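Top line first, the protein sequences correspond to chains B and D. Be aware that the first sequence starts at 212, since it is given in my numbering, and climbs by one per residue. Be aware that the second sequence starts at -14, since it is given in my numbering, and climbs by one per residue.
The set of hints was computed from the structure by calculation and includes no laboratory data. It is possible that part of the hints are untrue.
When the alpha-carbon atoms are kept at most 30 Å apart in a straight line, the in silico DSSO-like pairs for lysine-lysine are as follows [said to hold, decoys possible]:
hint	chain 1	residue 1	chain 2	residue 2
1	D	K50	B	K596
2	B	K596	B	K262
3	D	K189	B	K262
4	B	K327	D	K87
5	D	K87	D	K191
6	B	K520	D	K191
7	B	K454	B	K465
8	B	K520	B	K465
9	B	K262	B	K520
10	B	K226	B	K327
11	D	K189	D	K87
12	D	K50	D	K191
Computed from a prediction, not measured in an experiment: that's the story for all the values here.
The lines below spell out each chain.
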Amino acid sequence: MNAPARTLSGADGLKRLSVATPDQPLRLDSGRTLENVEIAYETWGELNADKSNVVIVCHALTGDQFAASPNPVTGRPAWWDLVVGPGLPVDTDRFFVICSNVLGGCMGSTGPASRKPDGTYWGTDFPVITIADMVRAQIALLGRLGIENVFLAIGGSIGGMQVLEWTVQARDRVFAAIPIAVAARQSAQNIGFYETGRQAIMADPNWRNGNYLAEGVRPERGLAVARMAAHITYVSESALKRKFDRRLQDRTTKTFGFDADFQIESYLRHQGQTFVDRFDANSYLYITRAMDYFDIAAEHGGMLGNAFKGLHTRFCVFSFSTDWHYAPEENRQIVRALNAAGCETSYVNIETDKGHDAFFVEEPEFWAGLRGFIDAAAGARGLPKRSAT
Amino acid sequence: MTETRAPGIRRADHVAISQFINHGDLVLDVGCGDGQLMELLQHDRGARTRGLEVEQTGVNRCVAKGLAVVQGNADDDLPVYPDDAFDVAILSKTIQELARPKFVLDELSRIARRVIVSFRNYGHWRVRTALLTTGRIPNLGHDVGWWSDGARRPCTARDMAELAEQAGLAIAAATAVSGKPVNGRSLGRLNWTAEELVFVLERKVKR
C-alpha cells in the first residue's frame, strides 16, 4: 500500500494520517474550517491490485477504529469481531477493511480533546461538526491512502448515518451499503435523550465550561450519568426484564436508602463507570450534537428520495424489532425512499429482544442476512468467493 | 451479472409465468416468499428481480441468497414506487389473498408496464359441479374455513377479467398453468377447463 501522507505514530501507537492542512483545510457545514486534522484508523486484510475490495466500517457513538482487533490503548476487545474477521460476513480474507475514528472522536482523531496548533486543548472552542463533516474527513483519509472507490460501507446507529451520508456524498463511488438500526433524521425523542446526557455533563462542576483538560480534572459524574441514561435506550424493555427484572443486588431486602438496591441500578452504574475511563466528555457533546443535526432529507428539498435519486449503489437496510432508539419504522422510511428513488434495495427487520444494540451481539439471522447480501454484492463486483471452510 | 443458482423445485405456475419474461426485464415479485420465482427468472430468463414479502422468514431466506427483497406489504409500500419503475410486476397466487386487490392492481399497473397475475380459477368445471352437487364453495388448496384470516377470495377467470377491465387493463395473454397461451377471446373455454390461470395484463391507454 502506497500512503503518500505522513503517518504520525504517537506514543500511543495509533495509526494516523493528516487529512487537512492550512493549504487544504477541511470545510465544515457550520461554515468554519479546520486547518489541521488527523484521522486515526485501523485496517485489516489486503488491498487487491485494482483496489476494488475496500470496505469502510463506520463506528457508533462510543466506538472507535478497533472493529476487529483489540484496542491497544484501552485494552478493550474488538467491538465487532463477530462480524469483521477471517471467514466472517465482512471477510478480511477477501476484503481490505478500514475503520477510522470519527472527526470529533477521542481515539486519536482530531476532536475537542486534541490540542490546537498553539498547544492548548480545543475543548469547546472546537467547531460543531456534522455527520457530513465526519464523512468528508473519511473520504479525505481514503484519498490519502490512494483509494478512490469503496466496495462496501457498513455501520450501525450513528455508523449507519455515516453509511447513508457516504452514499450521498461520494455518490457512485460506493458499490454497496449496509445501514443498520438507523434513521435518516434524528427523532425528537433521541435529541431529547442526548440533550439530557449533555446537560448531565455540563452540570458536573468538573466540566469547567469545557476546559477541564487544561485544569486537570474530568467531569466523570456527569459523563457517567449521560451514559447510563443513553444505555437504557440501547436495550429493550423485555431484555431488561429478562436479565434483571426487579431482582435485588447482593441483598435480600430493600435498604430504604439510595444505594444500588436493584440489579439494574448496579448494572447501569457499572456501564457509566467503565465508560468514563475510556471516553472524553466533550467528544460526547460534539458527536451527539452531530447526530441531532442529521437530517438527509432537509438537505435535499425535504424529499428523502431525492437524496438517493440516480444512485447505482445497492442497499441492504437492517432493523431490529425491539429497537426503540432507531425503531424499525424509521428504518422503513429509508427503505421507502430508496425504492422511490429506484435504488436496488433489500430490507430485513430482525426479530430479537436485544434492542438497538443487537448488531453488536450474537444474532445468527442478522449474520446470515449480512453474509448473503455481501457475498452477492462481491460476486457482482467480481470479487472472489468465500473460501470453503 | 449477479450469480444465481439453479432453482431446485419449479412450481408449475412459476414456469408458466416465466415464459412471459424477456431477457433483461426488471421484475417486481409481490409476495415473493422465499424467492423461488425470482431465482428462476434470473437463472432461466436473465431477468433482474426485486421482491416484496411480508413474512420475515421469507425475507431472510431471500437476502441470505443474495436476492434484493424488501420486507413490507403491498398495501403500504407500493405507493412510493415511481411510475414505470419496472418492466413487469408479478402477483403469483397472491391477488386472492390481498386485502385490497383493486388498489394493488392499480398501483402495480402504474409502476410496471405489464402485470402478471396467477390465480386459482373458481370457474373450473369441477368447482362448478361441486357447488351444484354439495351446495358449498369448494375451498381449493385451503384446509381451513372460508372465514379464516387471510382466506382466499374465490374468483373465476371472468371475474378476474372484470377486475382487469375496471383497472383499465387488457388481457394481452392468458394461459392455463399447464397449457399453451391463448388470447383473451378463449376466456370462456379457459374458465371451464383451467384450475390455475396466468393473465398478462397491459394498460389499454399507453402512457
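Here's how the hints hold up against the structure:
1. A distance of roughly 14 Å separates the Cα atoms of D:K50 and B:K596; the hinted pair therefore holds under the 30 Å criterion.
2. Proximity of B:K596 to B:K262 is assessed by CA-CA distance (about 17 Å); at most 30 Å being required, the pair is judged to hold.
3. A threshold of 30 Å between alpha carbons decides the hint, and for D:K189 with B:K262 the separation of about 50 Å lies outside it, so the pair is violated.
4. At most 30 Å may separate the alpha-carbon atoms for a hinted pair to count; B:K327 and D:K87 exceed this at roughly 65 Å.
5. At most 30 Å may separate the alpha-carbon atoms for a hinted pair to count; D:K87 and D:K191 meet this at roughly 19 Å.
6. The suggested pairing of B:K520 with D:K191 holds, with an alpha-carbon distance near 25 Å, which does not exceed 30 Å.
7. The straight-line distance between the Cα atoms of B:K454 and B:K465 is roughly 19 Å, inside the 30 Å bound, and the hint therefore holds.
8. The suggested pairing of B:K520 with B:K465 is violated, with an alpha-carbon distance near 59 Å, which exceeds 30 Å.
9. Distance check on the hinted pair: B:K262 and B:K520 sit about 26 Å apart at the alpha-carbon level, within 30 Å; holds.
10. Proximity of B:K226 to B:K327 is assessed by CA-CA distance (about 19 Å); at most 30 Å being required, the pair is judged to hold.
11. Taking the CA atoms of D:K189 and D:K87, the gap is about 16 Å. The hint holds against a cut of 30 Å.
12. Of the supplied pair hints, the one linking D:K50 and D:K191 is violated, its CA atoms being roughly 36 Å apart against a limit of 30 Å.
Checked against the numbered hints listed earlier, the structure breaks hints 3, 4, 8 and 12; every other hint is satisfied.
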